[in-house]
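Engineer: Sequence:
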Amino acid sequence: MNEKLGDWTMGEAAIVYQNCRSCGAKQYFRRAFCASCGATDLVEQRASGEGTIYATCLVCRAATPETRAHVPYNLVLVDTVEGFRMMAHGERNLAIGDSVTARFVQFGGRLVPCFAKASQPDKTECWR
Numbered sequence: 001m002n003e004k005l006g007d008w009t010m011g012e013a014a015i016v017y018q019n020c021r022s023c024g025a026k027q028y029f030r031r032a033f034c035a036s037c038g039a040t041d042l043v044e045q046r047a048s049g050e051g052t053i054y055a056t057c058l059v060c061r062a063a064t065p066e067t068r069a070h071v072p073y074n075l076v077l078v079d080t081v082e083g084f085r086m087m088a089h090g091e092r093n094l095a096i097g098d099s100v101t102a103r104f105v106q107f108g109g110r111l112v113p114c115f116a117k118a119s120q121p122d123k124t125e126c127w128r
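Counting from 1, one number per residue, gives the positions in the sequence shown under this note's numbering.
Don't take every hint at face value.
Taking CB as the label site, the calculated pair distances span [said to hold, decoys possible]: (1) Asn93 with Val43: 23 to 29 Å; (2) Arg30 with Gln106: 21 to 27 Å; (3) Asp79 with Gln120: 16 to 22 Å.
It should be emphasised that the hints constitute simulated quantities derived from the structure, not laboratory data. Glycine residues also receive a C-beta, built at the ideal position from the N, C-alpha and C atoms.
Please work from the sequences and hints to get the whole structure.
Structural biologist: Given below as structure tokens:
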């Protein structure tokens, strides 16, 4: 496996996925092996941040005291243009099938990806 690229889990405004050199599968969330074929020859790549909404869920109850200020907030599943699916925050006006672009915002003291409609990415308001 190559050297780890920085991403939002490390405080950088980026989404990183892995590509298997053996079978070509793409996976989100770092693993030491390919979830499809078990090979360990993985390459990390930065995602474009573009995709399509697969599902959306409005969260109305805070999971922790740090997230209480953000309620209600939207969680989305995004099918990325690179070919993997990921969960992230999203604007509340998103619907299944919307084209989206990722931005990075503070949530509960951490930098997280938040998706907005691709036609208006500079107006991201993930909460309230």
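Engineer: For this structure, which hints from the list above don't hold up?
Structural biologist: 1
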